[in-house]
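A.B. asks: Just need the whole structure built from these sequences, with the hints factored in.
Here full-length UniProt numbering is used: the first residue of the sequence shown is 1, the next is one more, and so on.
For the record, the hints were derived by calculation from the structure and aren't laboratory data.
Be a bit skeptical, because a hint or two may be false.
Simulated restraints on C-beta separations [stated by the list, open to error]:
| hint | residue 1 | residue 2 | range |
| --- | --- | --- | --- |
| 1 | ARG18 | HIS168 | 33 to 39 Å |
| 2 | ASP198 | ALA329 | 44 to 50 Å |
| 3 | HIS10 | SER86 | 53 to 59 Å |
| 4 | ALA343 | PRO42 | 55 to 61 Å |
| 5 | GLU212 | PRO181 | 42 to 48 Å |
| 6 | ASP198 | GLY315 | 20 to 26 Å |
| 7 | GLU342 | GLY126 | 50 to 56 Å |
| 8 | GLY178 | ALA63 | 25 to 31 Å |
| 9 | GLY265 | GLU340 | 31 to 37 Å |
Note that beta-carbon positions come from the ideal geometry of N, C-alpha and C, so glycine has one too.
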Amino acid sequence: MSLDQVVEAHGVRLRPFRAEDIADVVDGCADPLTQRFISGLPSPYTETDARWWTDGGAPAAWAGGGAAYAIADPATDRLLGTVGLSNPVPTRGQAEIGYWVRAEARGRGVAAAATRALSEHAFAAGTARLELLTDAENGPSQRVALAAGFRYEGSRRSAGCNRNTGRHDLLAWVRLAGDPPGPTARLLPDLPDGVLTDQVVALRRLAPGDAELMYRLHSRPEVVANQAPPVPPTREAIERRCRLAESGWLTGDIARLLITDVASGEPAGSCGLSYTDVASGEASVGYALLPDWRGRGYATRAIRLLAGWAFGPAGMARLTAGTVPDNTASHRVLERVGFEREALQRGRLPGLAGTRLDDLTFALLPTDLR
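C.D. replies: This is how it looks when you write it as structure tokens:
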């Protein structure tokens with residue numbers, strides 16, 4: 001693989017590092033977000049560290065068969081960040097791509113543009129496969145991967161290491177030389193303007209700040225009783241669920257949403273949707289409400305909104321909902337939306353102490369939605 005020293009594409013310039021970049025390298029690498037998600041950076045990051053990188057680290061990346069580019073603004077040549085290739089495997093035509101961007105350049109598409117530019121140049125030079133590894137909690141980096149044409153491939157167990165949290169999994173995003181250009185289509189697109197609403201209830205993506213509410217809701221005895229198995233979640237599990245909500249959305253695993261009352265802005269409950277069979281376009285929904293908001297039709301409104309989005313922008317063909325047979329309140333919600341009872345699956349779900357629970361399944365087609 002023979003790469004050019006300067007690449008200009010997609011509104012960015014990739015070039016070698018220079019002595020005048022040192023202050024901007026310090027600015028970028030000392031940034032808390034960069035420190036959090038890029039392992040191995042010295043902390044605190046100083047001018048001495050930046051000088052080592054420009055004089056030795058970056059040239060060593062090139063000498064080892066990889067690449068280390070400064071991302072520069074084509075108009076000013078000012079450093080905006082860095083993008084490079086590492087861990088090359090020449091026999092497989094494979095390398096890993098990584099980047100960071102200074103805080104002042106974030107939100108402008110710089111990382112995605114640089115990743116696209118280097119990816120396309122590497123493919124033109126003979127690379128067949130590029131991997132981009134992201135922390136599961138780093139939603140912005142996952143959005144960069146998608147914008148640059150990478151596809152989610154799975155989780156690399158214990159592939160990352162953080163000085164504060166130790167070893168952790170990383171998500172693998174991959175782009176092949178033969179993949180189509182442009183952003184990767186997503187199984188779960190973003191909500192229009194970030195919200196679904198009928199002006200009475202509103203749904204938005206779950207966020208880290210919702211952890212306390214979600215723990216209070218999902219540890220309630222009546223909510224736990226309708227789960228399989230009926231075991232209350234730990235606070236740590238709920239906190240992690242909220243931190244990973246954006247990632248679950250971006251990888252296509254699950255859409256988790258908070259239900260709120262439009263008039264007051266108060267949270268009323270939660271709902272979610274996850275694919276059960278991507279090939280056939282089938283997904284499953286679930287929901288729960290806090291006691292003060294039950295009996296007002298809020299669950300019906302929320303599931304109706306969620307189903308409309310699933311059949312519309314998400315392009316799904318069929319929704320299902322599994323319930324315990326005696327949860328008649330949930331059955332009424334589903335039937336008001338248009339779901340129809342389909343099957344009682346005996347002993348389908350795990351219960352307590354080795355027991356099994358029956359699952360009463362409801363299903364909804366686009367023409368059923370009321």
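A.B. asks: Now look at each hint and say whether the structure bears it out.
C.D. replies: Hints versus structure:
no.: 1; hint: ARG18 / HIS168: 33 to 39 Å; in the structure: holds, 35 Å
no.: 2; hint: ASP198 / ALA329: 44 to 50 Å; in the structure: violated, 21 Å
no.: 3; hint: HIS10 / SER86: 53 to 59 Å; in the structure: violated, 21 Å
no.: 4; hint: ALA343 / PRO42: 55 to 61 Å; in the structure: holds, 59 Å
no.: 5; hint: GLU212 / PRO181: 42 to 48 Å; in the structure: holds, 43 Å
no.: 6; hint: ASP198 / GLY315: 20 to 26 Å; in the structure: holds, 21 Å
no.: 7; hint: GLU342 / GLY126: 50 to 56 Å; in the structure: holds, 53 Å
no.: 8; hint: GLY178 / ALA63: 25 to 31 Å; in the structure: holds, 29 Å
no.: 9; hint: GLY265 / GLU340: 31 to 37 Å; in the structure: holds, 34 Å
Against the hints set out earlier in the document, violations occur for numbers 2, 3.
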